[in-house]
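Just need the whole structure built from these sequences, with the hints factored in.
Just so you know, the sequences run in chain order A, B and C.
Numbering that gives the first Met the number 0 numbers the first residue of the first sequence as 0 and each following residue consecutively.
Numbering that gives the first Met the number 0 numbers the first residue of the second sequence as 0 and each following residue consecutively.
Numbering that gives the first Met the number 0 numbers the first residue of the third sequence as 0 and each following residue consecutively.
Certain hints may be false.
Here are the simulated distance ranges between beta carbons [to be verified]:
hint: 1; chain 1: C; residue 1: Glu49; chain 2: B; residue 2: Val95; range: 29 to 37 Å
hint: 2; chain 1: C; residue 1: Glu85; chain 2: A; residue 2: Gly127; range: 20 to 28 Å
hint: 3; chain 1: C; residue 1: Arg123; chain 2: B; residue 2: Pro45; range: 46 to 54 Å
FYI, nobody ran anything at the bench for these hints, they're computed from the structure.
Treat the numbers as computed from the prediction; the structure is a model and nothing was measured.
Cβ coordinates follow ideal geometry from the N, Cα and C atoms, glycine included.
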Amino acid sequence: MEVRELELDLDAFEGPFDLLLTLVLKEELEPAEVDVAGIVVAFCERLAERGELDLEACGEFLVLVAALLELKARLLFPDEEAELSELEPEEAAEELARRLAEYRRAKEAAAWLAERLEGESSRFFRLGPAPLAPKVERRLAPQEPEGLAAALRLLAAEPPAVSLSHLQLRFPPVSQFLERFRTVLSRRRVFDLDAEIVGMPRIDQAVAFLALLELRRSGEVSLEQAGSFAPIRVRRLEERRPEWTGIARSA
Amino acid sequence: MDRDRPFRLITAGPVDRLARTVEALLVVASQPLSVDELAAAADDDPARVETALGLLGERFAEERSGIVLEHVAGGWAFRASREAAEACGRLFERPVERGLTAAALETLAIVAYLGPVSRPEIARIRGVAADSVVAGLVERGLIAESGREEGIGGAVRYRTTPLFERVFGLESLSQLPRLDDVGEEAVQIRERLEAVAERRGA
Amino acid sequence: MDRDRPFRLITAGPVDRLARTVEALLVVASQPLSVDELAAAADDDPARVETALGLLGERFAEERSGIVLEHVAGGWAFRASREAAEACGRLFERPVERGLTAAALETLAIVAYLGPVSRPEIARIRGVAADSVVAGLVERGLIAESGREEGIGGAVRYRTTPLFERVFGLESLSQLPRLDDVGEEAVQIRERLEAVAERRGA
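What follows is the structure, given as structure tokens:
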């Protein structure tokens with residue numbers, strides 16, 4: 000499966016994934032305009048159609064989409080110094096559910112509007128002034144020049160700090176899992192991924208998977224899976240330990 | 000049909016004269032006119048204007064007339080009859096609503112329900128930057144600026160326009176279905192998320 | 000008056016239906032429509048459209064109706080009856096406006112302090128598209144075009160007008176209140192505004 004040829008149909012873009020990446024890199028498409036969730040959904044649908052887990056494709060996709068997400072996040076929230084507020088998992092789940100409900104309502108309301116518009120398609124009315132209507136003259140009472148100065152002062156005022164409260168889902172660094180897996184592999188030649196990550200939060204499981212793909216890419220391990228959703232077996236290949244340079248930095 | 004006076008619909012009398020005046024006002028107006036606006040322009044009583052509008056509503060009704068009186072966007076306005084939609088479609092564009100994308104409708108819904116609302120707020124709800132979509136809706140006249148957020152350096156806020164109500168055939172924003180009635184409650188979504196998480200974790 | 004069918008003016012028949020269609024087209028048009036345009040839109044014969052216009056001319060005539068069908072250069076259009084002229088005058092006479100909207104005031108301030116200035120520059124500083132606000136201020140005569148930016152295809156620039164100075168009680172722009180806390184000269188004010196806009200927009 001060619002990740003780069005993944006066909007996308009998003010708000011701001013329609014076409015293959017690699018064209019989208021090219022446009023972003025050439026700065027012809029704002030990363031902020033890109034609906035990353037839409038890309039993930041498209042990829043998952045494609046994956047489901049195939050019915051088998053293509054690790055190569057998953058790895059490539061995760062790397063590309065992570066890079067895109069990072070780029071988008073940096074552009075939306077350039078203030079790297081800002082403190083991320085800590086939320087308890089309970090509160091984070093609450094917040095996530097609240098946001099999803101809000102978005103779902105917006106979508107439902109939009110569907111209602113679309114239906115309404117369809118029903119009103121046979122209603123025509125004049126948009127401009129009537130052909131023979133008198134001209135409107137607007138007159139303005141005397142104004143204080145101080146109002147102009149006040150308006151510019153407001154425009155010159157520093158904007159408030161951007162709230163980062165919705166970046167509560169924090170990703171553990173990939174390097175943490177790389178170290179952990181290397182330690183396990185130094186003791187055992189083979190282990191099952193599922194046994195290592197059972198009970199972890201979903202975010203940690205995802206990052207662990209990312210670390211595994213990186214180990215495979217660097218030739219440290221081989222991965223086996225009997226079938227879809229079967230346990231993923233990790234096997235040590237050799238002692239080679241290349242310098243880590245990839246995505247750990249960004250995670 | 001009496002050919003000598005075939006079109007004297009409204010018998011002579013003060014309300015009929017007022018009805019003619021209201022008719023005249025509506026045919027030159029650029030926007031729907033409220034009863035108060037009509038009464039002020041006609042220099043007459045709002046209650047009498049309502050009576051006149053009742054007469055005109057019978058006369059300018061769908062199937063009776065090519066000109067139809069409607070109550071929309073908080074006022075009264077003339078439009079073409081639905082019977083003539085095909086002919087109108089051949090002569091007039093629909094620049095306001097043509098090609099409204101799903102993104103535009105979602106943004107419009109957010110502004111209609113939550114307005115006045117800023118671009119960052121819209122982006123937060125939709126998860127995508129709202130700049131070009133908002134600019135497109137302003138251009139179409141469906142939303143307009145409505146001050147800035149409280150505090151210093153606040154973002155520009157937007158609300159829907161009377162044109163929005165007119166295009167969607169709404170008497171007012173209160174005709175939108177209640178948000179509580181559409182979509183799922185946060186509680187329900189949360190329960191679903193938890194159910195999924197449990198299945199995965201097991 | 001026959002109360003059972005008081006408003007069936009035009010006897011049933013194809014020309015009456017056509018007349019209703021023509022009525023509908025005229026009430027939607029913002030320009031006079033020629034017989035050919037009407038015939039094309041109604042998908043009917045020009046001669047029959049003329050007949051329909053004749054019917055409508057009798058119906059929408061002075062003293063009979065507040066809506067009057069008029070033949071002007073370029074075609075046919077509805078207008079208000081002379082009887083309603085006074086009321087229409089009141090409708091279009093705007094009360095003296097007490098103030099400007101926040102958007103208009105911000106834009107006007109930018110043009111006054113930094114002018115001549117182009118629409119893209121105004122949009123950059125305000126962080127929102129300036130097209131409709133600028134168009135509104137031009138229409139009201141508070142700002143006017145003043146050349147273009149350097150280079151081929153440069154954007155139109157705007158400056159304030161003598162009417163602006165009258166409304167704000169200024170003999171010249173040099174009487175604008177000082178903005179030393181923002182910048183001493185226009186150049187510094189502009190730099191400061193652009194820097195803040197960039198931080199706000201990011």
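Quiz item: Taking the CB of Glu85/C and the CB of Gly127/A, does the distance hold inside 20 to 28 Å?
Solution: holds (24 Å)
Quiz item: Are Arg123/C and Pro45/B spaced within 46 to 54 Å by their CB atoms?
Solution: holds (47 Å)
Quiz item: Does 29 to 37 Å hold as the CB distance between Glu49/C and Val95/B, or does it fail?
Solution: Cβ of Glu49/C to Cβ of Val95/B: about 33 Å, so the range 29 to 37 Å holds.
Violated hints are absent here; each numbered hint is respected by the structure.
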